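Participant: Chain W is fixed; fit chain V onto it per the hints.
Each protein sequence line maps, in turn, to chains W and V. The numbering used here puts the first sequence at residues 1 to 114. The numbering used here puts the second sequence at residues 1001 to 1114.
Hints in this document: simulated from the structure, not taken from any laboratory. Careful: at least some of the hints might be erroneous.
Label pairs and their calculated CB-CB ranges [to be verified]:
#1 Glu102/W - Leu1011/V: 19 to 29 Å
#2 Trp22/W - Arg1017/V: 38 to 48 Å
#3 Ala5/W - Arg1061/V: 21 to 31 Å
#4 Ile38/W - Ser1051/V: 24 to 34 Å
#5 Thr112/W - Asn1067/V: 33 to 43 Å
#6 Arg1061/V - Pro81/W: 42 to 52 Å
#7 Arg64/W - Lys1113/V: 42 to 52 Å
#8 Ser1051/V - Leu39/W: 25 to 35 Å
#9 Gln50/W - Pro1082/V: 36 to 46 Å
#10 Ile1018/V - Ser18/W: 42 to 52 Å
#11 Val1078/V - Ser18/W: 42 to 52 Å
#12 Gly72/W - Asn1067/V: 35 to 45 Å
#13 Ser66/W - Arg1061/V: 37 to 47 Å
#14 Gly1016/V - Lys83/W: 42 to 52 Å
Some residues of chain V that are not near chain W, with every Cβ distance over 12 Å (derived) [unchecked claim]:
#15 Asn1022
#16 Asn1027
#17 Asn1067
#18 Lys1068
Just so you know, these numbers come straight off a predicted model, no measurement behind them. C-beta: ideal position from N, C-alpha, C; glycine also.
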Amino acid sequence: EAGVAQSPRYKIIEKRQSVAFWCNPISGHATLYWYQQILGQGPKLLIQFQNNGVVDDSQLPKDRFSAERLKGVDSTLKIQPAKLEDSAVYLCASSQSPLSGEQFFGPGTRLTVL
Amino acid sequence: DQQVKQNSPSLSVQEGRISILNCDYTNSMFDYFLWYKKYPAEGPTFLISISSIKDKNEDGRFTVFLNKSAKHLSLHIVPSQPGDSAVYFCAASASQGSQGNLIFGKGTKLSVKP
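The shape of chain W in the complex, shown without the other chains (with noise of 0.2 Å):
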């Protein structure tokens, strides 16, 4: 069973770009979540998808950040304009169900902003 998947896996831009980041979830997966791991902490939840709906973002940054997942499979995430304290991994994960307990992870897009 393929994982979750992630691209890029590097990304290094200067403050005031956009970037944008990509995660394809493990086949069947209704639920998608994006995380923020600045170095030093644990993931914190940004943004969970159910299907292609939108279950909880309340600690998305939604002046700068946005997400979706057009068709319920992939989702995209980006940042525009960026800040230096952006700079952080993000991480991709999903499950099959809100309350299945597990979630896979992918590796992540660890982001530089300069």
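Facilitator: Quick look at chain V alone, frame taken from chain W:
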């Protein structure tokens, strides 16, 4: 306010001995707890979980203990192996009202020395 706390940033253990990683939580609504293991440049991988209706769950060399009254859980690894060297994250979720969102601790870096 951190709801899940891992107060030891690092732990060093000799190969063959027991590793004990600790986690405390503050939210009494949490009823499901997970441990994830993370190697550098990889996403977290699920290790073991426990529901609040249990006080112990065992899987091979890994055992998780839950003390609900103390709001404390611990992960025991016996015997420890050099391949166990990684960052371990404790995570918690509440089945009511949170859509199963995971709240992570900051992690504990385990080093197992040969």
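Participant: Now tell me if each hint is right for this structure.
Facilitator: Right, here's what the structure says about each hint:
no.: 1; hint: Glu102/W - Leu1011/V: 19 to 29 Å; in the structure: 24 Å, holds
no.: 2; hint: Trp22/W - Arg1017/V: 38 to 48 Å; in the structure: 43 Å, holds
no.: 3; hint: Ala5/W - Arg1061/V: 21 to 31 Å; in the structure: 30 Å, holds
no.: 4; hint: Ile38/W - Ser1051/V: 24 to 34 Å; in the structure: 30 Å, holds
no.: 5; hint: Thr112/W - Asn1067/V: 33 to 43 Å; in the structure: 41 Å, holds
no.: 6; hint: Arg1061/V - Pro81/W: 42 to 52 Å; in the structure: 47 Å, holds
no.: 7; hint: Arg64/W - Lys1113/V: 42 to 52 Å; in the structure: 44 Å, holds
no.: 8; hint: Ser1051/V - Leu39/W: 25 to 35 Å; in the structure: 32 Å, holds
no.: 9; hint: Gln50/W - Pro1082/V: 36 to 46 Å; in the structure: 40 Å, holds
no.: 10; hint: Ile1018/V - Ser18/W: 42 to 52 Å; in the structure: 49 Å, holds
no.: 11; hint: Val1078/V - Ser18/W: 42 to 52 Å; in the structure: 49 Å, holds
no.: 12; hint: Gly72/W - Asn1067/V: 35 to 45 Å; in the structure: 40 Å, holds
no.: 13; hint: Ser66/W - Arg1061/V: 37 to 47 Å; in the structure: 43 Å, holds
no.: 14; hint: Gly1016/V - Lys83/W: 42 to 52 Å; in the structure: 47 Å, holds
no.: 15; hint: Asn1022; in the structure: 15 Å, holds
no.: 16; hint: Asn1027; in the structure: 15 Å, holds
no.: 17; hint: Asn1067; in the structure: 20 Å, holds
no.: 18; hint: Lys1068; in the structure: 18 Å, holds
No hint from the list above goes unmet by this structure.
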